[in-house]
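**Student:** Here's the letter readout for the chains.
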Amino acid sequence: MHLILFILFAGLCLAGALNLLLQKHPINSALSLIVVMTSLAVLYLMLGAEFLAAAQVIVYAGAIMVLFTFVVMLLNAGKEDRTLGSFASWSVGFPAVAVILAVVASIILKTQGLGDAALGDKVTSTEQLSAVLFKELVLPFEVTSVLVLIAILGAVALARRGDGEVRKDGK
Amino acid sequence: MIPISWYLLLSAALFCMGVTGFLIKRNLITVFMSIELMLNAVNLSFVAFAHQWNPVKGQIFVFFVMMVAAAEAAVGLAIIIAVFRARATLAVDQIDLMKL
Numbered sequence: 001m002h003l004i005l006f007i008l009f010a011g012l013c014l015a016g017a018l019n020l021l022l023q024k025h026p027i028n029s030a031l032s033l034i035v036v037m038t039s040l041a042v043l044y045l046m047l048g049a050e051f052l053a054a055a056q057v058i059v060y061a062g063a064i065m066v067l068f069t070f071v072v073m074l075l076n077a078g079k080e081d082r083t084l085g086s087f088a089s090w091s092v093g094f095p096a097v098a099v100i101l102a103v104v105a106s107i108i109l110k111t112q113g114l115g116d117a118a119l120g121d122k123v124t125s126t127e128q129l130s131a132v133l134f135k136e137l138v139l140p141f142e143v144t145s146v147l148v149l150i151a152i153l154g155a156v157a158l159a160r161r162g163d164g165e166v167r168k169d170g171k
Numbered sequence: 001m002i003p004i005s006w007y008l009l010l011s012a013a014l015f016c017m018g019v020t021g022f023l024i025k026r027n028l029i030t031v032f033m034s035i036e037l038m039l040n041a042v043n044l045s046f047v048a049f050a051h052q053w054n055p056v057k058g059q060i061f062v063f064f065v066m067m068v069a070a071a072e073a074a075v076g077l078a079i080i081i082a083v084f085r086a087r088a089t090l091a092v093d094q095i096d097l098m099k100l
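If you're matching them up, the sequences are chains A and B in order.
So that you can map any letter, position 141 of the first sequence is 141 in my numbering, and since no number is skipped, the others follow by simple counting.
So that you can map any letter, position 42 of the second sequence is 42 in my numbering, and since no number is skipped, the others follow by simple counting.
Isolated chain A, as found in the complex (with noise of 0.2 Å):
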């Protein structure tokens, strides 16, 4: 059962994500990776992270992908002009990507004592997770608040328009 749903949500992670590299218009890319950010919900629950399956599914799945598609709307984004990447990223760029999966790979394969996982060990609640975080980790929880404050503030100022620039209509 465990293995089952490991293969079916591992697979759709992956089908996701190669998809994403192969579409060409970007909302079907944004599609594909809504369906990357699922699956992985869907595998911080067979670890036992239920909370972070929420947060996954209402923050990545639901808030950033939604800006995302709304970015691509609101642009009028259309298909883009296939290249199969420059002569740095040929010469650097895949050799280095192909040396860090194989490297990470094999030191993984050759660690042992990693363990295994098993379907509902080691559940992580909701309780025990914010006793944690409102008690000993208040300082950074409150300083990310200020963090994400400062995002807010920065993307409304960047996003407007500039007082120098005219508007069509001439308003």
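Bear in mind the hints are in silico, worked out from the structure with no lab data behind them.
Predicted model only: the values in this text are computed from it and were never measured.
Check each hint, because a few of them may be wrong.
What the hints assert, rightly or not - Subject to a maximum C-alpha distance of 27 Å in a straight line, what follows is the list of computed BS3-like cross-link-like pairs (lysine-lysine):
no. : chain 1 : residue 1 : chain 2 : residue 2
1   : B       : K57       : A       : K122
2   : A       : K79       : A       : K24
3   : A       : K135      : B       : K57
Unchecked claim - Heads up, incomplete: computed chain A residues facing chain B, CB under 7 Å, no partners named:
no. : residue
4   : H2
5   : F6
6   : A77
7   : E80
8   : L114
9   : L147
10  : A159
We put the beta carbon where it would ideally sit given N, CA and C, even for glycine.
Position chain B relative to chain A; hints supplied.
**Tutor:** Same frame as chain A, but now just chain B:
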């Protein structure tokens, strides 16, 4: 029983696909989506390691990464809108000056 190493391998594969997308995509928005894919891949390995060693603090770390990613997405998309307004294009090959 699924070995934790499978989750880590999946995470490494997703990360490398994100890097590949960053290299081959020519649209500013899809390049940004590839960055989000890389962030998600790293989050998966955080959760896998958290399951193994310290569930609570590892998951809180992922929570902070999510918050920072949300802030980054908001600011990044605002920058994309500003660039589009100045250049009227989303092709990364034509956006090659720092000055707007």
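**Student:** Next step is simple, just say for each hint if it's right about the structure.
**Tutor:** Results for each hint:
For the hint linking K57 of chain B to K122 of chain A, the alpha-carbon distance of about 13 Å falls within 27 Å, and the restraint holds. Taken as a hint, the K79 of chain A and K24 of chain A pair is honoured in the structure, with Cα atoms around 6 Å apart against an allowance of 27 Å. For the proposed pair K135 of chain A and K57 of chain B, the alpha carbon gap of about 12 Å is at most 27 Å, so the pair holds. Against a cut-off of 7 Å between C-beta atoms, the interface hint on H2 of chain A holds, since the closest Cβ of chain B lies about 6 Å away.
Below 7 Å, beta-carbon pairs count as interface contacts, and F6 of chain A has one with chain B at about 5 Å; its hint therefore holds. The criterion of a C-beta within 7 Å of any C-beta in chain B is met by A77 of chain A, whose closest approach is roughly 6 Å, and the hint holds. Given hint, E80 of chain A at the interface with chain B, holds; its Cβ is 4 Å from that chain's nearest Cβ, closer than 7 Å. Interface restraint check: L114 of chain A against chain B, minimum CB-CB distance 4 Å, threshold 7 Å, status holds.
At its closest, the beta carbon of L147 of chain A sits 6 Å from a beta carbon of chain B; the interface hint therefore holds under the 7 Å criterion. Among the interface hints, the one on A159 of chain A holds; its C-beta lies about 4 Å from the nearest C-beta in chain B, closer than the 7 Å criterion.
The structure meets every hint from the earlier list without exception.
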